[in-house]
Amino acid sequence: MSTSVTEAPARSDVRRGRLRLDGVRKVLGGKEVVSSVDLETEPGEFLTLLGPSGCGKTTTLNMVAGHLTADGGVIEVDGRDITAVPPHRRSMGMVFQSYALFPHMTVAENVAFGLRMRKVPAADRRRQVAEMLELVGLDGMADRHPGRLSGGQQQRAALARALVVQPDLLLLDEPFSNLDAQLRVRLREEVAALQRRIGTTTILVTHDQEEALAVSDRIAVMADGVIHQLDRPREIYLRPGTDFVARFIGEVNAIEGTAAGPVADGYACTVAGETVAATPAGDPPAAGEAVRLYVRPEVVRISTDGAQGLRGTVRETRFLGSRIRCVVATPAGEVTAALPFDARVPAVGEEVTCAWRPSDASLAAR
Amino acid sequence: MAAVGRVAGGSLNRSGRRTGLLLALPAILIFALLFVAPLCTLVANSFRTQTGAFTLDNYQRFLGDPFYRDVLWNTLKVAALTTIGCLVVGYPFALYLRGRSPRVRNWLALLLLSPLLISMVIRAYGWLVVLGPQGPVAAVIEWFGLTPPQLLYNDTAVLIGMVHVMLAYMVLPLMGSLDRIDRTLVPAARGLGASGWTCFWRITLPLSAPGMLAGAMIVFSLTASSFVTPAILGGPKVKLMPYFVYTQATVTLDWPYAAAIGFVLVVVTTGLLLAYSRLLRRGGGEVVFG
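Sequence order for the protein chains is A and B. Residues 1 to 366, numbered by the UniProt record's numbering, are exactly what the first sequence covers, in order. Residues 1 to 290, numbered by the UniProt record's numbering, are exactly what the second sequence covers, in order.
Calculated from the structure, these hints are not laboratory results. This structure is a prediction, so every number in the text was calculated from the model and none was measured. Beta carbons: idealized from backbone N, C-alpha and C, even for Gly. Among the clues, some could well be false.
Stated by the list, open to error - Footprint (simulated), chain B over chain A, 3 or more residues, beta carbon under 8 Å:
| # | segment |
| --- | --- |
| 1 | 63-76 |
| 2 | 110-120 |
| 3 | 127-136 |
As the list claims (entries may be wrong) - To give a feel for the contact side, a few chain B residues facing chain A, derived at Cβ under 7 Å:
| # | residue |
| --- | --- |
| 4 | Arg180 |
| 5 | Thr184 |
| 6 | Leu185 |
| 7 | Pro187 |
| 8 | Ala188 |
| 9 | Gly191 |
| 10 | Ala194 |
| 11 | Ser195 |
| 12 | Pro210 |
| 13 | Ala214 |
| 14 | Ile218 |
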């Protein structure tokens with residue numbers, strides 16, 4: 001372990017692994033599965049493609065890996081156009097959903113496969129395989145066949161096989177989805193920590209929003225073959241840019257109103273006669289335009305001192321353990337607040353005001 | 001699912017075990033009455049003289065005669081060549097079928113099975129026409145200005161006819177084996193730097209070994225004991241074991257000697273298949289066959 005850890009910073013200093021997609025398209029079975037995807041990673045970044053099944057995220061990953069050929073657009077790694085390069089001449093380490101370990105080879109042989117293809121001499125190969133197995137915590141399992149490993153161990157073996165060749169990019173295709181909930185959380189933390197240590201640019205494909213929020217530097221939310229929003233997890237969560245992003249990730253209060261104008265800490269809107277504010281996602285709307293505000297339940301504060309905000313009547317409160325759920329009926333519709341466990345719980349029927357910091361909510365044109 | 005798996009795994013209660021035995025009973029009875037019992041009689045007969053006294057003469061006669069040793073060798077050679085022929089023709093076909101839609105697969109599988117739907121005799125006579133001196137093959141060769149070689153009544157004719165019949169027995173197990181290979185293994189290997197050829201040699205071929213093994217065992221044993229097709233296409237010049245069992249039993253009426261020839265064939269074929277499967281088992285790794 002020690003050698004790899006000391007080596008690792010040197011490797012991340014190289015600052016390679018800048019992936020750029022420009023207008024990438026793919027048609028499968030007469031249907032445009034991916035239509036014009038643009039994105040660019042920083043070297044060493046952990047970027048997640050998040051979306052429901054059929055949104056084109058796995059197709060995009062397979063085009064980066066070279067298993068599918070793009071029908072349009074350009075894929076570049078560190079300025080080199082690899083759009084037409086076959087998969088075995090790209091330098092990608094991929095972990096498949098099924099892990100795709102070779103069942104007729106031992107763990108060591110699996111991990112050594114990529115090095116063997118690169119004609120690494122046997123002695124170096126053995127040393128690098130041993131180091132990598134130690135790094136992923138599989139030392140002692142080298143001579144086992146994949147069929148004799150647990151799901152978590154198979155996942156580590158697949159990760160070791162992908163990383164040992166020091167690829168330009170690490171591609172992870174739903175790698176945690178076949179694990180039970182507890183192991184899934186532990187392994188994703190481990191993978192994220194390992195990624196930060198070795199600094200390989202990583203693209204993760206997942207439909208699990210919590211997973212995406214937990215491990216990513218940035219998230220690209222995809223639906224119907226396009227990227228809806230590409231931003232840091234906090235921005236994606238608090239300031240969704242489109243209706244899809246707002247509703248796909250977590251719970252959201254979508255409140256309809258009319259744009260008023262910019263204010264000091266955001267952009268003001270009129271909602272059912274009251275003035276509230278949020279941060280515009282993208283270009284600010286023109287005054288008078290119909291807009292929708294996206295407010296997460298966690299950012300809603302409830303007060304009874306007549307502060308500015310959306311006024312309404314408490315409809316129900318429910319203790320959920322980590323949070324207290326409070327539904328308020330306002331003239332603009334129901335607003336849900338998730339209050340901390342030690343907050344004062346308003347009584348049902350009480351007149352309250354719902355408010356939030358403008359920087360914690362977003363608004364977009366309807 | 002899990003519960004079913006556990007039951008199948010062997011923790012059956014007594015009544016369940018009895019039901020299981022009842023289900024297998026018809027097959028066991030048929031095998032015992034129609035296969036094991038006659039085989040025992042056959043073995044017993046092979047150690048008797050025509051009058052019924054115990055003797056080793058039949059085996060001494062067979063093994064001591066270079067002619068019969070040659071017949072045995074030729075039988076194994078034709079069976080092995082047919083197996084290789086089926087593998088060479090069948091493997092690419094199975095690979096091709098793997099990537100096709102279920103519709104195309106069904107039609108092509110039917111085509112593959114079509115020789116088995118026609119009577120063996122009719123099919124063999126069909127080959128007589130096709131390969132005969134007035135047949136289309138000879139006509140094509142003559143059209144090129146060449147003299148057509150002798151295509152009938154030799155090992156080549158038997159080989160062509162046998163590969164045609166046996167192809168399905170090779171391709172079907174191969175298809176099953178190829179279908180069980182995880183579809184992401186080849187992309188995974190490609191991503192690690194393997195070319196298409198390397199993927200085939202290192203991933204697809206070794207993982208389809210169980211199908212090749214099963215197909216080769218079926219083709220080899222069926223060919224070694226086949227009678228009608230070699231008799232029609234090979235004629236009297238192609239000397240194969242089943243033909244001599246037939247003539248000893250029906251023409252010479254030397255039943256003990258016929259039994260001995262038959263039993264030698266059974267023992268040699270079984271022995272070769274066991275050795276062959278052991279060899280592949282060791283080469284293929286435990287997981288593939290485990």
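Going through the hints against the structure:
1. 63-76: holds (count 3)
2. 110-120: holds (count 4)
3. 127-136: violated (count 0)
4. Arg180: violated (10 Å)
5. Thr184: Where the cut-off is 7 Å and the nearest Cβ of chain A is about 4 Å from threonine 184 of chain B, the hint holds.
6. Leu185: Holds. Min distance 5 Å.
7. Pro187: holds (5 Å)
8. Ala188: holds (4 Å)
9. Gly191: holds (5 Å)
10. Ala194: holds (5 Å)
11. Ser195: With Cβ-Cβ at 6 Å, under 7 Å, it holds.
12. Pro210: Because about 11 Å separates proline 210 of chain B from the closest Cβ in chain A, which is outside the 7 Å limit, the hint is violated.
13. Ala214: Violated - the Cβ of alanine 214 of chain B stays beyond 7 Å from chain A, reaching only about 17 Å at its closest.
14. Ile218: violated (23 Å)
Consistency with the previously given hints fails for numbers 3, 4, 12, 13 and 14, ordered from lowest to highest.
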